[in-house]
Amino acid sequence: METIDYGIDLGTTNSLIAKYSKGKVEVFKNPVGYKETLPSCVAFRGERIIVGDKAREYIVKDPLNVFSAFKRKMGTSEKYLIPSLMTYYSPIGLSAMVLKELKNFIPEVQKPSSIVITIPASFDTVQCNATKEAGREAGFEEVVLLQEPIAASLAFFNEKMNDAGSLGKWLVYDLGGGTFDIALITIDNDEMRVVDHEGDNFLGGVDLDQMIVTQLILPRLKEITGKGDIDSLINQRNGPYEKLYYILLLKAEEAKKELSINDTAEIEFTFEIEGEAARDIYFEITRVEFEKLIEPKIDYTLAFIQKLFDRNNIAPYEIKNIILIGGSTIIPYVRKRIGESTGIPVNFSADPSTAVAVGAAYYAGAKIKTLPTKLIETPNETAIESDVQLQVAYNKTTKDMEEYVTALFENLPSNCTYRIARADGGYDSGIKNAAIKIGEFVMLKANAVNIFTIKLYDELNTELAIPNAKIEITQGLFSLYGQTLPEDICIEVDDMNNNTTISEVIFARNSILPLKKTMFKELSRTIKKGSTDSLIINILEGNQSVHPSANKVIGVIEINGSMLESDLVFGSDVEITLEISESREISVNAVLTFTNQSFNHIFNPMEKYISISKLREELRTLRNEINRSIEKVLEGDDYEKASFLNDILEVCNALIKDASTLREADMDERKYQLEEQKRRVATQYYNVGLNNSPVYEKKEKIQNMKLHIDQVMNFHNDIPDNIREEYKILLDTNPEIMKSTNHFNLNGFYMKLDKFYSKLVYNVPSMLINHFVYLQGLPASAFTNEKAARKLLDQGEKAMEKTNHNELLAICKKIWAELKDEQTEIEKIKGTGLGS
Amino acid sequence: MKETLTIMNQFALLELKLGAEKDESIQRIIQRIKSVWEGMGLVYQLPIGEKYTDTRTDVMANIVGEMGHDMTITQIVKPIIYQNNVIVQQGIVMVEAKKK
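Note that the protein sequences, when read in sequence, are chains A and B. Counting from 1, position 640 in the first sequence corresponds to residue 640 in this note's numbering; the numbering is continuous, with no gaps. Plus 1000 on top of the position in the second sequence (first one is 1) and you've got this note's numbering.
Just to be clear, a hint being listed does not mean it is correct.
If you anchor each label on the Cβ, the simulated ranges turn out as follows [unchecked claim]:
| id | chain 1 | residue 1 | chain 2 | residue 2 | range |
| --- | --- | --- | --- | --- | --- |
| 1 | A | Leu513 | B | Gln1027 | 20 to 28 Å |
| 2 | A | Asp387 | B | Ser1035 | 30 to 38 Å |
| 3 | A | Glu253 | B | Met1001 | 30 to 38 Å |
| 4 | B | Met1040 | A | Ile451 | 19 to 27 Å |
Don't read these hints as lab results, they were simulated from the structure. Positions of the beta carbon are idealized from the N, C-alpha and C atoms, including for glycine.
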């Protein structure tokens, strides 16, 4: 039998939707803005319907067309006139819009037909039926209601308590953004019941913010500015201080949050009124002032508790706990005051903002559906099939910040709505009635590819599948006559860990000219003033995944010691700005932030710039690599490849000899010829099929590490579930990593795997033991100090016998410090001086 | 993440305040810090002076004065923050009709 699983907190001020699955509850986030809460607010802007945050923006300015708090009118005959449409909406219709919008929070593949919706404890039968009707209007075929205090209690009991401790009487104190409720709950024989309740629909966090503005901020502001009329004019619509009022409300909300953590909060803003110079205002308000301010309001809520006690003949000692929910109960004073005044333990362990939705989902997780499921199970399908056809017309590229999109629907069913949204969350057309032809100005993000999707909904708000619904508009970067880069443009940087240099991409192939980018690099070694050592900024054209020596040099700036005003210290920053014009002229500006020196160079694409010292080093590095590869292929008895490599080695040695005779002052073309020959040899070497490019080697390392981790994960059964889960997340969040040709991404992923492996050794006793046995098996030559290592290995043996995991770990750490660096035997490269 | 966003918010406001500051070294430090965040996929945007309509969901607006067709963002309380090209924080802005 299937359970409902989905729960909605349909609140007066905010609403949320959550799902129960396998013992856990997930609160869904709004795909626009990524907040869990949706303001229960609907705005009618022309023919557009907007629900949530955007609608709330117009509450003050367009009150006739914006509706909120309609939950209070559920079950009444009240109708709201929508002037822009000249039609009426009932509270049910408006609530249905909020519910429909919440439905959009759920990933498309799920779409439930049954739902649990929470209602206040005070709702009568008519109000309950009205809520059910709203649910049905929103497209839910089965609606089950649950009282809010019960939902909050369920969240608390399911996440925090065992059954044995829950029997008895409880209070649920709910002080939210705009409303206050208190409910008396009893739990007896597995049954949870609201016995009585009280509340005030006009008390919440918003009122506290306003009190901060009027009673704490304005008196100080009057003092500082000498403006005696501020308090009378501050909240006057279109008045001189209107803008300031909104800013102060935001500042008050921030200060309120700050005072929940610290003893003081800073109020800082710019005081601007027309005709006067702006001035910066700064002062502090203290927690003591704030607590004194809200004390009467909190005492007012306490009076409701007393009423409940009196009416039900209950003494405080009979109450097991007061469960606090609602955002305003985060304030420490509220918690303290309620606990001290009532003498009842307060419990604020449930998340005050989401508790009702979470409780509704728990309830839904145990509630059996009476309707057959209509879930769309196919993950590739995001909407139900339809005959609707769509043709869209728009400019794919533009320099404007908005673009007009027109669309033609064929076979459009009646009463459909549509919506256009940008993938990054920055644009939403709102819900609009669909006609055969629609048109919309869509706002664009500057210098980016803007991806939009047109979604079509039937009258039950179920999405209908339509073809060609995706729109891509490129803003700014592209002009119709723009040229693309034929190859990657890279900068050569040091990879000291691997004793090599690598090509870091600056502009990827097919980027549109002109291009400009500023990057910051740290110096990988100190360059002394007056020395012959130099910092080399080497700009390359070619393929980012191959070794720099196989790419073409298109510009070099060599800054040597004699050009420095002081030593250039290891770790200091170099700011490099690279610009490529449409005619492919390259300009490089390097600023040494430590010495505050700037070096500019414009490279004409017709000229070549060669650094002789760089050329010599590259040839030496190439020779070393070829030698290493020859050894490797001979180990595999591949004599054919070894012979080919020997031929390349001979050419390389000849080039090294030639390069040693080059002088900077030489006027002939030899250095250009040698550079070209070096590049050819390097390309031959990297294309020989050894698969030893830096990228390939990194991929090989990742594969080996992953294989090793997979093996140990299968072999060791004492690995905790959370660590296994962490590994799964690590792999799931990097599904395409092996397709990457970006050295930095691969290196980053390898580091993550390496870190995860260390975590395994640190946390899994059997793995630590295995690792120690491995260390025991190493030859004496693997350690820098053989005697010290031997002593540590003996101590480790004893710790292992005592099964003292912590001691063994501490000893292993000391042994690691004694291990020889594998690369100490290899000739260290000098590199460019730029860190990667 | 919350702490990073808080730092970015404060830093963006600092950049706004230093808007008229011509000192190159200060601008360089600002760009340096922004490039570190960029490396983490985090970018903030200050939409000051940009056009505002109710379809802009990258900001939450407080509308000051009379509404009009030509609404502009005149003040920023919090910047828009993107992580890997997706909005993780909507901006908070003041919006006013263009003065004629």
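Here's how the hints hold up against the structure:
no., hint, result
1, A:Leu513 / B:Gln1027: 20 to 28 Å, "26 Å, holds"
2, A:Asp387 / B:Ser1035: 30 to 38 Å, "51 Å, violated"
3, A:Glu253 / B:Met1001: 30 to 38 Å, "20 Å, violated"
4, B:Met1040 / A:Ile451: 19 to 27 Å, "22 Å, holds"
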